[in-house]
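Enquirer: Here is how the chains run, residue by residue.
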Amino acid sequence: MKLNRIAEKLGCRLVGDGDVDIVRVAGIDEAGPGDLTFVSNRKYISHIPNTRASAIILGEDIPEVAIPSLRTDDPYLAFARALELFFVPAPPEPGIHPTAVVSGDARLEPGACVGAYSVVGRGCRIGPGTVIHPHVVLYPRVTVGEDAVIHSFVTVREDCRIGDRVVLQNGCVIGSDGFGFAPTREGAFYKICQTGRVVIEADVEIGANTAIDRAAVGETVVRRGAKLDNLVQVGHGATIGEHSVLAAQVGVAGSTRLGKGVWVGGQVGFAGHLEVGDGAVLTAQRGPSHDVAPGAMVSGSPAFDNSAWLRSVASFPKLPHLVRKVRQLEQEIRRLQQERDPERPKKS
Amino acid sequence: MKLNRIAEKLGCRLVGDGDVDIVRVAGIDEAGPGDLTFVSNRKYISHIPNTRASAIILGEDIPEVAIPSLRTDDPYLAFARALELFFVPAPPEPGIHPTAVVSGDARLEPGACVGAYSVVGRGCRIGPGTVIHPHVVLYPRVTVGEDAVIHSFVTVREDCRIGDRVVLQNGCVIGSDGFGFAPTREGAFYKICQTGRVVIEADVEIGANTAIDRAAVGETVVRRGAKLDNLVQVGHGATIGEHSVLAAQVGVAGSTRLGKGVWVGGQVGFAGHLEVGDGAVLTAQRGPSHDVAPGAMVSGSPAFDNSAWLRSVASFPKLPHLVRKVRQLEQEIRRLQQERDPERPKKS
Amino acid sequence: MKLNRIAEKLGCRLVGDGDVDIVRVAGIDEAGPGDLTFVSNRKYISHIPNTRASAIILGEDIPEVAIPSLRTDDPYLAFARALELFFVPAPPEPGIHPTAVVSGDARLEPGACVGAYSVVGRGCRIGPGTVIHPHVVLYPRVTVGEDAVIHSFVTVREDCRIGDRVVLQNGCVIGSDGFGFAPTREGAFYKICQTGRVVIEADVEIGANTAIDRAAVGETVVRRGAKLDNLVQVGHGATIGEHSVLAAQVGVAGSTRLGKGVWVGGQVGFAGHLEVGDGAVLTAQRGPSHDVAPGAMVSGSPAFDNSAWLRSVASFPKLPHLVRKVRQLEQEIRRLQQERDPERPKKS
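Chains as they are written, first to last, in this note's numbering: chain A, 17 to 364; chain B, 17 to 364; chain C, 17 to 364.
The following block holds chain A by itself, in its conformation from the complex:
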């Protein structure tokens, strides 16, 4: 495809020769002749002079480069759209595979596909255009909306709801029992029936091998547009707010509520029963044990304000020196006091 045609489709400003033929989108280090590449992370600006790509997508703020460029205020989004111009996803196998076990009273809308060996339980409802890959298990009374994609080895447990255009990556578990046990006087534990469910709203994506537990009562909810990476844990009764983003291996303990647009770095662990305000940002590996104010950027374990935390962290390597220095200053003060007042008993 000619570069000027791509510029037009992406709504980018073309700088340089629009007649170049582009056959692929590729990363800046891997790209070769015929490839369109991009830089959105400033860390890679220094790689531009060495790229072998035929053209590049760049922010409007980046200085002129040697190869033709497509300029835009949002190079990452333009890159996403460029990928789609060249990528033809494989069509799913249409219809219901003969080996799928679909309960007689389940309702599949026209255009829904169910792959080999998938099991659709009693009373399930699956919307039009939804693709269920091979080896998916839907327990009884699950509902799935339109145009959702459910990959192999996903379980959706009884009574859970999956919204329109949701993507469930391989191996994730929606609706496993919450971790609820009442301690008994004998030091054992009594299992609390987990009678609630999980609701995944529209446009959510859930990563591979992530687990979202059903509530003991009521609902565990992942709200519209939220994105959860792989190996994330969401405890029973928790709420993940609209358009919140959770990186891999995050843990959200039971009953904690994340607001809208919360960004959570990898391996963060939230204690239970917290309120995390809209727009809060949690850096990787932190462990908030108290509520987090809207818009706050917090770090540390237990967590506190990010800029204060960065200063503390920067001082941490100085701590052993500080301990020695204070001991030395103390001795010098003792000496001064001694000189001032020679009768005062010496302290070593």
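Hints are not guaranteed to be accurate.
Identical copies carry no separate label here, and so any pair may be met within one copy or between two of them.
In the EDC-like style, the derived pairs of lysine to aspartate or glutamate whose C-alpha atoms are separated by at most 20 Å in a straight line are [what the hints assert, rightly or not]:
| no. | residue 1 | residue 2 |
| --- | --- | --- |
| 1 | Lys-207 | Asp-163 |
| 2 | Lys-334 | Glu-346 |
| 3 | Lys-59 | Asp-89 |
| 4 | Lys-59 | Asp-307 |
| 5 | Lys-207 | Asp-90 |
Don't read these hints as lab results, they were simulated from the structure.
Values in this document were obtained by computation on a predicted structure and should not be read as measured data.
Position chains B and C relative to chain A; hints supplied.
Expert: What follows is chains B and C alone, placed relative to chain A:
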């Protein structure tokens, strides 16, 4: 069901009108007319005046409230039992599903159920009343006791033993190879056959997508009544003691032994070859690298005594100030020394 | 098997009676008469006098012991080989199970086995001697080399490549979509097609329930001989170098490159777009947010040099004392200044 009938069944003391009709158990914020709610976590006491529930389960120590209440010394356990009064779990599909692949020499006791597409290997034995959901794989020579529940996409690898009443949530892996490799002189690794097995004793629950590795020799053991949450890792040859509780995403490295009644917060990581004493408590995200004494409460990474750790953590935000303050004090001392002894050379 | 025969097969030096009959290899605490045991971790040297084993594998540097011993410079490797003398792994079910769904245009070399209910997609190629256990899903155009082992509930997504002798433990996911979303002006996220793939080179082992994401463009690569434990996350476009070792629950964010022979402790989390040099060592639970030099040993979160970090950590419990001490010294200095210059206003 009338409230006084519920009080009787739960063994609670009724305060107020016992004639109220209850149709459901619900959380304090979601509850409405006809609902029985509860407070066991003191954090929610302030929510009581605003609940729309018709009645509430409360500890004996909570002051009088406006709605009828069921009083008990253990409100969490009463809540667990109340849930069971209203919750009818769906019965499993009885018998062996025609698509299940059960080895000819496997022995299934009467009353065991095996769901669609599950695979039961050579020489397996499954006890009466055990429910195997669809899409479970038991490798050869696995034994499962009575009344166990195994959810979809669980693997139990060869020779492992699952006790009575064990619950295995979706996607957990029992008996994957331990992570054992001997470094060679060439900088590569030689795989060590993992010839041992995993033993899960009675009344254990294992969470979704948790992995428990088989031992190289001998056994990895999860003892009676222990509860493991989702995405937990248990390394080869480790032992989890009776009635111990591991929150989500905990990692227990190889050969580490946890005693009885150990409580472990989320994302804790234990180094290998440790002894953790009975009743020890590890707060979330900690990383013990040494043995832990019985009954100790430890925090920090590496871990130390919890109350000392809390004080250090409270001081951490003051560290940058401390660095500046010490530098300033040092200058003031220099000035005092200078005044005292004017020949002394100045330091900046 | 006679001990002197074992010594010969393992290339060990026999000390003591070679006529002992050995029937099994066992851990030092569990071993009994007829067992061969071993010590490679020095922590267990003190257990030697109490073992009931009939013989023991030991390093050449360990003093003489009461029972016959097999001496070698590499007792761990000798133990690994000894295990193989007594362990007969169950042979896989040969051939293609009648319930396997193998696409008509897939190519399986002679000697490849495919277990019950496994699904092999369009255009897949599977090398000779490779064992695919029951309930494996290979999406279209996957290639698998020779003598690989793929356990149940493994997914390999479209276009990914699995090398010779690779072992994929149960439930791992190779090639799930990378976590790539471009933020929109409305505060939502636009999914970036993940058009790349995952390449797993020869002799790699991947642990249970580990997830390795496909790249947006290009490849996520795990190089020859690398070993990844359970529940590890590898983000899109990352590279794991030759013979690197990642313990359980490690997270590697997108585009980060680990060099050769990197050792990573459990629960470490790497930020994205980092370069980690050959031979670097990362201790458990650390969170490197900057590049790591070749051969460096780093700790802390954010990470810094290990020995400096150990000193800071050792000082951390002294921090509250330090805060109080500095406050006290400040008062003493004020008093000295006051005495020196009585007009100076007092500070409390």
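Enquirer: Each hint: holds or not?
Expert: Hints, one by one, checked against the model:
{"no.": "1", "hint": "Lys-207 with Asp-163", "in the structure": "between (37 Å within a copy, 15 Å between copies)"}
{"no.": "2", "hint": "Lys-334 with Glu-346", "in the structure": "both (18 Å within a copy, 16 Å between copies)"}
{"no.": "3", "hint": "Lys-59 with Asp-89", "in the structure": "within (17 Å within a copy, 47 Å between copies)"}
{"no.": "4", "hint": "Lys-59 with Asp-307", "in the structure": "between (34 Å within a copy, 12 Å between copies)"}
{"no.": "5", "hint": "Lys-207 with Asp-90", "in the structure": "between (51 Å within a copy, 14 Å between copies)"}
Hint compliance for this structure: no hint is broken.
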